[in-house]
Structure formats: structure tokens, C-alpha cells
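Peer 1: Here is how the chains run, residue by residue.
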Amino acid sequence: MATLTLLGAIRDGLLNEMTRDERVVLMGEDIGFNGGVFRTTEGLQKEFGEDRVMDTPLNESGIIGLAVGMAVNGMRPVPEIQFMDFIFPAFDEIVSEVAKIRYRSGGGFTCPMVIRTPYGGGIKGGHYHSQSGEAYFAHTPGLKVVIPSNPYDAKGLLISSIRDEDPVIFFEPKRLYRSMKGEVPEDDYTVELGKAQIVKPGKDVTIIAWGAMVPICQKAAELCLPRGADCEVIDVRTLVPLDEETILESVKKTGRVVIVQEAPKTCGFASEVAALIAEEAILYLEAPVVRVTGFDTPFPYTLEHVYMPDPERVALAVGKVKNF
Amino acid sequence: MPSTNKEKSKTAKKTSNGSGKKTSYLREDLYRILNDKNVADPKKEPKIDKEILLAMYRNMVRTRLYDERGMMLQRQGRIGFYVPSFGQEAIQTGTAACLKKEDWIFPSYREPGVFLYRGASIVSMFCNLWGNSGDVCKGRQMPVHYSFADLKLFSVSSPIATQVIQAVGASLASKIRKTKELAVTYCGDGGTSETDFHTGLTFAGAMKTPTVFIVTNNQYAISVPLHKQTGAKRLADKAIGYGMPGIAVDGNDVLAVYSAMKDAEKRAREGGGPTLIEAVTLRMGPHSSSDDPTRYRDEKMYDFWKGRDPIVRFSDYLKSKKLWDDKKEKALHSEIKEELAEAVEKAEKMAIPDVTDLFSDVYAEKTQQLLRQEAELLKEQELRGKFENTSEAFPL
Chain A
1 MATLTLLGAI RDGLLNEMTR DERVVLMGED IGFNGGVFRT TEGLQKEFGE
51 DRVMDTPLNE SGIIGLAVGM AVNGMRPVPE IQFMDFIFPA FDEIVSEVAK
101 IRYRSGGGFT CPMVIRTPYG GGIKGGHYHS QSGEAYFAHT PGLKVVIPSN
151 PYDAKGLLIS SIRDEDPVIF FEPKRLYRSM KGEVPEDDYT VELGKAQIVK
201 PGKDVTIIAW GAMVPICQKA AELCLPRGAD CEVIDVRTLV PLDEETILES
251 VKKTGRVVIV QEAPKTCGFA SEVAALIAEE AILYLEAPVV RVTGFDTPFP
301 YTLEHVYMPD PERVALAVGK VKNF
Chain B
325 MPSTNKEKSK TAKKTSNGSG KKTSYLREDL YRILNDKNVA DPKKEPKIDK
375 EILLAMYRNM VRTRLYDERG MMLQRQGRIG FYVPSFGQEA IQTGTAACLK
425 KEDWIFPSYR EPGVFLYRGA SIVSMFCNLW GNSGDVCKGR QMPVHYSFAD
475 LKLFSVSSPI ATQVIQAVGA SLASKIRKTK ELAVTYCGDG GTSETDFHTG
525 LTFAGAMKTP TVFIVTNNQY AISVPLHKQT GAKRLADKAI GYGMPGIAVD
575 GNDVLAVYSA MKDAEKRARE GGGPTLIEAV TLRMGPHSSS DDPTRYRDEK
625 MYDFWKGRDP IVRFSDYLKS KKLWDDKKEK ALHSEIKEEL AEAVEKAEKM
675 AIPDVTDLFS DVYAEKTQQL LRQEAELLKE QELRGKFENT SEAFPL
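If you read the protein sequences in the order shown, they are chains A and B.
Residue numbering for the first sequence is 1 to 324, as defined by my numbering.
Residue numbering for the second sequence is 325 to 720, as defined by my numbering.
Check each hint, because a few of them may be wrong.
Unchecked claim - Computed list of lysine-lysine pairs in BS3-like fashion (alpha-carbon distance at most 27 Å, straight line):
{"#": "1", "chain 1": "A", "residue 1": "K195", "chain 2": "B", "residue 2": "K504"}
{"#": "2", "chain 1": "A", "residue 1": "K46", "chain 2": "B", "residue 2": "K690"}
{"#": "3", "chain 1": "A", "residue 1": "K322", "chain 2": "A", "residue 2": "K219"}
{"#": "4", "chain 1": "A", "residue 1": "K46", "chain 2": "B", "residue 2": "K504"}
Stated by the list, open to error - Here are some, though not all, of the chain A residues that point toward chain B, as calculated from beta-carbon distances under 8 Å:
{"#": "5", "residue": "D51"}
{"#": "6", "residue": "G62"}
{"#": "7", "residue": "A67"}
{"#": "8", "residue": "V68"}
{"#": "9", "residue": "M75"}
{"#": "10", "residue": "R102"}
{"#": "11", "residue": "G106"}
{"#": "12", "residue": "E165"}
{"#": "13", "residue": "L248"}
{"#": "14", "residue": "E249"}
{"#": "15", "residue": "D296"}
Source of the hints: derived by calculation from the structure; they are not laboratory data.
The beta carbon of each residue, even a glycine, is placed where N, CA and C say it ideally should be.
Here chain B stands alone, though its shape is the one from the complex (with noise of 0.2 Å):
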């Protein structure tokens, strides 16, 4: 079982392996299984099903390919917006492989692989990249905003860390009924500077709710890194003022991110309270389409980081088992390509949302002022035809 920070807490550093040795940019005091030739400790190695290693590899796999196929379309200007999660596959399916489906999930806007682990369709996500009317959110969001109630996963806001505290309430009110049922919640290194990651970890702590915090330290907020966003040294530690247990792993070693997330799971679900777990990674791509980290980001950190790219990690992992080979990866990828393909065909076709879409939903009924501007609307239509649209490609 991974030790929280209740038994250790030791300074992060960056570190030197000795003279003439390439410099680690990997915390010392991170929990992990993998070691950097992506052997597993055999003392720490988790007992997980062949069927769910095999499972969190796929998805980690559809994750990198579906932000691949998000990024191309950006690109392309066939969307207006894409935020990838590159480096991040690990972290994402780690902890979403630990969940039940009745569980609760308060994502940030750079979690699709919690969404494909899940069980969300694909057509559908792209539907809400283009906005279109097979958008579960009718074209109301920006891309990758994505919401589904049926899955449980929440409904993806812009401004940071407000889903911390919500995750808090949505886990009391499953606590007062006693169903057993967890909320977690993901944010970045950034979000932990925000009022709702405080208000977030002091509501959970005193009322010892089963939520479990997910922090993404992927070492930037856009272009702020994390020294110039906390003077903390290791993010885990911020628990310690909420009182309860937190955790730093490392966040490209998905054996490492399954164990922390199992022990959290495990004690929110029997009743010990929340959680604070820090996964350390990089964040391997741009903040989102709209940004350039060429202008920013430390280029030899960033090398470091793509040496231990999470998917290679666990493919090594998973070969050694037995389990895998270069045959089924190249099946696996030509699979998911063609799956992808098929979606963006059917996704792309789909007609914008009427313009009606504009009044539905703002009240379970609509009052008289939006029946009325509703009316005025179809009537102006009616007058002159059609809307231009000018807006200017999304500058952030």
C-alpha cells in the first residue's frame, strides 16, 4: 500500500544522479512501481485483472490517438478549438480504473481518456467538438466541454477548480444516504492556486466526505510554471492543512497512479474521508490548440519527460508479462484509427443546432421575456433569411 504523507514527507528536488550523468527532473519522493527501465517493484506491484491491464492500456492508447485526431482537426480548422492531453493517458486511466460506475466524476476540461474509460461515445465527443446538433450539449460550450449524465461524469466548466467543491457536495449528499458512492475530482497544479480547491479540500476534511482529489501537476499553468504558482514544494503536502491524507506519484507510471488511486478508493468508500493525491507528469502538448509551448517551456525538461512517455511505460510493463506484442499494438492502433475515422464522418455531417437551441434549457420552462425574444428572433430570421457568421477563430 503506498504511504501518504501522514508517514513521510520528503523534500522534492531536483535532482543530479551523479557526476556525469544526464540530470533527473523526476522527484525523488514520488510513489512508484515502475523503475526507469519500467520494471514493476515486485514488493508494490498491484494484483490487477489481464483484462483491465489490457483495458487501461487500450484506452490510454484511444486517448493519445483521439487528442491526436483532435489536435489534426484543429488544424485543419475543420474545429475551432482542441485542448490535448498528452503525457496525461496515465494519470487519467489510472484513476478511472479504480472507479465503479456509480461513482461520481468532476472532471476539468483535459480528462477524455475518463471519458472514453467510462464508456462515453465517441460520435458523440466529436459532436460536442463541432458543437453540432448531436451535442449532448447542443452547441452551447467550446470544445471539449463535454457533459454526460448518464455516465455520471459532470458537466466540464471553463473556470478552474470550481468542480472541486461540487465533487465535495455531490460525495455528502451519496454519505447522508449511504450509498456507498464516491465522487473524485481532477484539476491541475494550477487549480490548486484557485478559492474552490481551498474551499474544496476544507469542506472535505470537516466533513470527512468520500471524495478523492485528483491534482494533474503537469508543471504548467499555460505558461506559469509551478514555481512561480506556490511556493510549496510538493503539492501532496497541501493535505496536511486539511487534514487528511495525500499522496505524490509519480504520474507516468500507471501501476503507481492505480495503487495510490485503489487506496484512496478504498478509503473514501469505507469511510475514511477523502483523499489528495499529486500526480506528477508533464504536459507534453500545448495549454490547447490556441498555444505555442515552444515559448516557455524548459526544452531539456521536456525531453526528460518524453523518455518516459506513460504509453511505452506500460507497453514495456505489459510485454514482460506476456501480454502484449508489437503484432496486437499495431492491430490495436489500426483499430482505433478506423473507429476514429468512422466517427469524425459521422460527427462531421451533423447540422448546427437550431436556432431555437439558443432559449431551451436556461429554465426547466421558458418565461414569458424568453418566449418573447424567441419570437422575435424566428421573426427577424424570417425577415432576413440567414445569420453570418463572423466570429474571428478563438485567439487563447
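The shape of chain A in the complex, shown without the other chains (with noise of 0.2 Å):
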């Protein structure tokens, strides 16, 4: 065991499927020569050669179009965009392309890819290097959506992602890039995509969340069991597919949720997370089920810390839905 930033645990990942599967070929703005931006490709074009770590025009629609035709035409590839924000001009490549290649070829062609992207705020990025935008693609027939919070879901999850044959999205929070460090193995393993994981058991209040609000809702719950409620925080780990499962049973179990995402309030992925609960937990509800959100606004810049969920406001719903 190595202990890895969650940077360094991607890298590990990255490292990992190139040396087992030749077919594994990285691309994007500065992912070469430069190891990326943040340097999460540091040192991989030396260790495999140009052709298969490749610095490309500056065109996020040609990144992923490019990975399209390498894909159908049987290589695994891995393209990078540089920041999330930057991902809408690919955004008819992934959605009408990437998403439904499989369907519209009746399985003749597939599209198997891992679109690596860092999201989200808390890093002084202003409107267009903070953004959170998982709903858009969860919305998307055909892709998976990855997010990882910790670096050993972030290797194990990034390879079953470039093993999948399927799309997937794959969000990293870039906030916990160096910030957040764990116990990773050296060698190669999984973590399953589609099931969640109980970070932090508890019997008062279901925490669902992901990605980087997940530590934030671990310190929630720290927060909260000295104010009288024991939370269990779920890390949904994949938006798609969602473990249902996990999510229903903690729901059964405590009768009270909040939900807790960094992206707007309307048509966020918690909205879908509490449609679920409601469809299939209403009976086993204490309280009305709650959402802590960032706002319906632009990301902003110097208020940034004002509109991220922050323990503090989380652990002012748990009061809430505790309280009820």
C-alpha cells in the first residue's frame, strides 16, 4: 500500500491499464508532453511514446470525436477534458454520438471510452472552472457517470471504467485532486461501477451524496452526533448505474434524508434521488426529504464559499429532517 493523493491514485489507475492493455490511448489539450494541466498524466507520453499519450488541438469536440473513431475502430481510448466546463462544445459528440452508438447500430458498433473531466468548485475557478454538470449526462441514455471521493475508489473505479464496454463519464473532484490522500494498492483491482458505499453508518439520517461533497458530509455528520442525530452517509460512488439498493435500504432504516450536491437545485441528480425515494421509500418517510444544493445561479467567484454546501449547512438540515 502506497499512500496516494487522489491525483496520484488517477495516474496510478492510468498507469495500470496501459501496461496491461495496449489498446489504452490518452488524449487531450496538454495531457502530454506537459502531463496535463493538473499532471495527472505526468511522465506517461515518456513511458508510452507519443502515439499512444497524444497532445491534441485545442478542440474538445475533436477530442471526443476523434476517441469516437479510434473506439469503433478497436482501441480503448481515454480522452481528457481539461476542465468540465470546457466540455459543451463535445457535448453533441457525447450526447448524440458517444451515447447512442451502440443503440443505433442494433450492437453492431460500440463505444467504449472514459471521458476524464475534474469538476466542481472550491478552488477560486469562477464561473468556468467549477462547474458541476453530472445531471446533464445522467440524463443521457448510453453513457455511465463515474464520480469518485476518495483515491482508492478513484483507481478502482477509473479501471472498471476503461474495462467497461460501455461510455463512461468519469468526474473527477478536482478540489480533493491533492488535498485528499489515501491508502492505495500498487497492484491492479476494481471497485464495482453501480454500487454505493456506506462511508459512515449511522441510524438517524440517511446523507446521500458524491464526489467531493462527500467529505464535506463526513464532517457533517461529525458535526451532527454531538446535536443528537447519528448519520449514515451513502457515497453513491456511480450516478449511473445507481445501486438503488443501498440508497432504499438506509431510506427504510433511518425515515429521514437530505441529499447534498455542489450543482443547481433544478434538475440536479438529487432531484432524481428523491423522485426515487418517493416512488419507492414514501411510507418509510419521518420527514420530507431534503436537498442541500448549490444555488439556481452561475457558479460565482469571490462568493464561492457562500454557495457551496459546506458542513455547516448540511448539518443545519440534518437538524431539519431530524427535527421534524
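Both chains are given apart, each in its own frame, so use the hints to dock them into the complex.
Peer 2: Spelled out as C-alpha cells, the structure:
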């Protein structure tokens, strides 16, 4: 076991898969010679050559479209979009092409790829280096949506994603890139897609979160305990496919739910989880389901610490449902 | 060998051939082999085996008759939609004839002749028009959105030019694996305004991929004429900006198309990188079965191009070589018509896809959510018996 940052764990996962499978190729802006603007791909071009770690022209639609052709022709591309905020030029290629190729060709063509992209706020990045766009992609049939919250999961989920036969969007919580460290096995291991994890068991209130909100919720749970609420914190890990069972079992046990996301409130993935609970477990609820989210505003710069859910805001929401 | 815009770039303009003569709508800069009397320039005439010449001719006629049948089926209300390629048979056939079976093709939705030349089954293509259980795509797309993985004919999309960059990716994979396969992609003049046209040519130029870009300049994107589409006089000139050779050819001269493509194919195969081919023609039919081109088209221009039918021009050439005659023409037509009639009969009889086909192929394995939705639908079907089809006719 080595202690790695989340960023280091992702690099380790890429290294593992590139060594194991020569079909795995990386492409993106600045990822080759420069090793990526966050250094996630540091040294990989030197190790595997320019054919497998490619610096591409500055064009996101091109990065994804290129990966489509390569995937269709038997490669396992792992394209990087430098910041999730810049993914929108590639939205057509992702939503109209990547997601639909298996379906529209009757299974004749497939498009396995992992689109890696750093997302989320808390790094003073303003509108265009902070957003959380998971809902756009979770709303698109044909894509899988994976968001790790810690180094162990980051490596294991990335390896699973690269080995998956379907396209995966892999959101990397960039706020945690260097701030989050953890034990990561040096060998090959996987974390199964579609399995949530209870990161802290509890009996009073279920807190559901993913990515960078998971450690926030863990801190909130610590705040809540002396205030009289023993919280269970669930890390969803993969939004698509969603592990409904783990969520519903916890809800049936606690009867009280807070769902936390960084993204704006309206039509966010938290709403989907709330709807699932309403459809499948309403008779177990002791209080309304509460969402703690970003606001329905563009992501701010100076006041981002006010905009983003923090442990205190989550704890207040827990208090609200606990004392309903 | 046709010269590309690296060597020359003449401006294109509508020209008058002197006083009292009819206005020509043919650009002066186009690479041509057949002259206005359909006689080949002996200095440029490509050496093509007799069998290939006849296969090309057959494909052009087959494409024309397939398109006619597709339109007829739509007009008779038997299929919902059709996209014909009338007038573009030479471009499709002349390019497809230069490819090897291991090469990749990323087509647009107006290339039935490329599918036919590759050997796609007509029954299977008709099943796609009905979107029935015999359709490779299981009725999941509109008609003419074919997909034949075994023939390396990539699944057709409706969004314009998305395939252009994908072809670059496929050919990059070939280049990395050193397999010598090319990728060829098609789009229209309208497609050259799209992001992914720029994207594809940018990447191909920078990465020197074995890709051939074929722009079928049929002068209209639905109703929008070329001069409203771009300020460029020649679409082939766009190649300059991407660092690759570009050539403009008479798209109704199958020998010129073939020669330009052969040159591009050789360049790509030998590691010389990508080429842009602008094949100039006029779309002789509607954009689709839902479109009425008489609302917007320039009738004089239409009449001009009508006199330059690529099939007639090629047939004249073959006749001059003693390879073709009226008797053979007649026999070919009845053979193809019979083939089409039989295929229609087979395809039309097939049942629609099963309701469970809604849920397969979204992912390699159905998710828990899809399994539940499928079970709910089957339960609903049991309760209500049938689903009434209340769709309106496609308006576009």
C-alpha cells in the first residue's frame, strides 16, 4: 500500500491499464509533453510514447470525436477534457454519438471510452472552472456516470471504467486532487460500477452525496453527532448505473433523508434520488426529503464559499429533518 | 494525376460561353476528364479494368433505381421518409470504387450508392426503411440511417458532419497499428459550415492521418444555397487552411471523381496524409421526401445540370469503348427492377421489432433501471393489450 493523493491514484490507474492493455490510449489538451495541467498524466507520454499519450489540437469536440473513431476501430480511448466547464463544445459528440452508437447500430458498433474530466468548485475558479455538470450526462441514456470521492475508489473505479464495454464519463473532484490522500494498493484492483458505499453507518438520518460533497457530509455527520443525530453517509460513487438498493435500504432504516450536491438545485441529480425515494419508500419517511445544493445561479467567484454546501449547511438540514 | 490546389487555385464563377450561347453553371476550375460531349481526355483518362468500369456503371444505375423505389415507397405511404441521392451517383460510385474492403467508411445520410457498392444487402437496406425486425438497427432510427458493421460502413447519424472527425479517429487508430487502412468520410456543402468539419480537418492535418474527406457540393443545404452558406468560392480551398491538398472535381464525371479519389487514396495509403475532395454537382431531387425543391431552386441551373446526368455521361463513354449498348442497358434495368421488387416484397412482410427491443443495446447489459422499466412495460402491455400508433407523418 502506498499513500497517494486522489490525483496520484488516477495516474496510477491509468498507468496500470496502459501497461495491461495496449489498446488504451490517452488524448487531450496538454496531457502529453506537459503531463496535464493538473499533472495527472505526468510522465506517461515518456513511458508509452506519443502514439498512446497524445497532445491534441485545442478542440473538445475533436477530442471526443477522435476517440469515437478510435473506439469504433478497436482502441480503448481515455480522452481528457481539461475542465468539465469546457465539455460543452463536445456535447453533441457525447450525447448524439458516444451515447447512442451501440443502440442505433443494433449493437453492431460499440464505443467504449472513458471521458475523464475535473469538475467542481472550491478552488476559486469562477464560472468556467468550477461547475458540476453530472446531471446533463446522467440524463443521457447510453452513458455511465462515475464520480469518485477518495483515492482508493478513484483508482478502482477508473480501472473498472476503462474495462467497461460502455462509455463512461468520469468526473474527478479537482478540489480533492491534492487535498485528499489515502491508502491505495499498488496492484491491480477494481471497484465495481453500480455499487454505492456506506462511508459512515448511522441510524437517524441518511445523507446521500457523491464526489467532493462526500467528505463535506462526513464532516457534517461529525457535527451532527453531539447535536443528537447519528447520520449514515452514502457515497453514491456511480450515478449511472445507480445503486438503488443501498439508498432505499438506508432510507427505510432511518426514515429521514438529506441529499447533497454541488450543482444547482433545479433538475439536479439530487432531484432524481428524491424522486426515487418518493416512488419506492414514501411510507417509510418520517420527514420530507431535503436537498442541500448549489443555488440556481451561475457559479460565483468571490462568494463561492457561500454558494457551495459546507458541513454547517448540511448539518442544519440534518437538524431540520431530524426535528421535523 | 489530377493537380490539387497546392499547384493551382482558379477562381470559380458562373461563366458565359460567348455571345448567344447558353449560360454555363459549371465552374471553370473543376478537374474533368469527360468533356461536354462525354468524350474522355486521352491524356487524363484513368486505366480502369473493364470489369470495374461495368461494376461502376451497374452501381450507378442500381443507386438511381434504388432511390426511385425509395421515393415511390414513401409517396405510396408504405414507408415514412426517404432521402434520395439523384444526380450524385458518380460521386458515390467513383469514390467507393477506389477503396479496399478493409477501409472504413463514415457516410452521411445521402450515400446509398456507397453502401450498395460495398455490398450491403438490398433487403437489409429496405428493412431499414421500414424500421422492422429485419433492420440491423432494430427500427431505432429513421429510414436511410443504415449501419453495417461487417462492411465497415459506420452507422449514419442525423446531426451534420459529426462523422467527419470520427473518420479521423478511425484512421488514426489504423495509423498507430500500421494496418494501412484508410477512412473515408462524406458530407455535403452545408456540412462544411459545421464545427465537426473544421474539427475533423484540423485534427487530420495536424496528425497526418490516412483520411479522405469527400464534400459533395450539391449546392443546397435543404433550401439554403451555397452563396449563403459560405464566402468561399471553392470549398476545396478550405484544405489550404488545414495544411492538406484539396481538389475540386466535376461530380458528374465519374472518371474525374475516380481519378481524384485514386490520387487521394494513394497518398493516404502511402503515409502522405489526408486529402479534401470537393465534388461539384447539383442535388437533382428534394432534400428528403418531405421537401419541395421547386420552392427555392434555380430552375435554369436545374435544367443545365439535367443535361449533365452522370449516368448518361458514363454510358456514352462506355458505348464509345464498345463496352455498352442499349440492349445491355435494357437488360440491366429489368434485372435491377426485379431484384428491387423481390427485396421490397421480402422486407415489407417483416414484423415490427419486439417491444423489448426498446431496452437492449443501450448498454452491454441492461441496468437495474432498464430491467424495471422493461418489466413495467410488459405488465402494461398485458393490461392494455396493444399500443395504438398515433404518430403524425414526419414534417421535415
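Peer 1: With a cut-off of 27 Å on the C-alpha distance, tell me whether A:K46 and B:K690 pass.
Peer 2: Violated, at roughly 39 Å.
Peer 1: Regarding the hint that A:M75 lies at the interface with chain B, is the smallest CB-CB distance below 8 Å?
Peer 2: holds, 5 Å
Peer 1: Please check whether A:E165 passes as an interface residue: C-beta within 8 Å of a C-beta belonging to chain B.
Peer 2: holds, 4 Å
Peer 1: Between the alpha carbons of A:K195 and B:K504, is the straight-line distance 27 Å or under?
Peer 2: The given pair, whose Cα atoms are some 43 Å apart, is violated under the 27 Å limit.
Peer 1: Was the hint right that A:D296 lines chain B, CB cutoff 8 Å?
Peer 2: At 26 Å from the nearest chain B Cβ, A:D296 fails the 8 Å test, so the hint is violated.
Peer 1: Have a go at the A:E249 hint: is there a Cβ in chain B nearer than 8 Å to its own Cβ?
Peer 2: With Cβ-Cβ at 14 Å, over 8 Å, it is violated.
Peer 1: Would you settle whether the hint for A:R102 is holds or violated, based on the nearest Cβ-Cβ distance to chain B being less than 8 Å?
Peer 2: Holds. Min distance 5 Å.
Peer 1: Close enough to count: is the Cβ of A:V68 nearer than 8 Å to one in chain B?
Peer 2: With a minimum Cβ separation of about 5 Å from chain B (threshold 8 Å), the hint on A:V68 holds.
Peer 1: Given A:G62 as an interface hint, is the shortest Cβ-Cβ distance to chain B below 8 Å?
Peer 2: holds, 4 Å
Peer 1: Less than 8 Å between beta-carbons is the criterion; does A:A67 satisfy it with respect to chain B?
Peer 2: holds, 6 Å
Peer 1: Is the shortest C-beta separation between A:G106 and chain B less than 8 Å?
Peer 2: holds, 5 Å
Peer 1: Do the alpha carbons of A:K322 and A:K219 lie within 27 Å of each other, as the hint requires?
Peer 2: Holds, because 17 Å separates the two Cα atoms, which is no more than 27 Å.
The structure does not agree with the numbered hints 1, 2, 13, 14, 15 stated previously, though it agrees with the rest.
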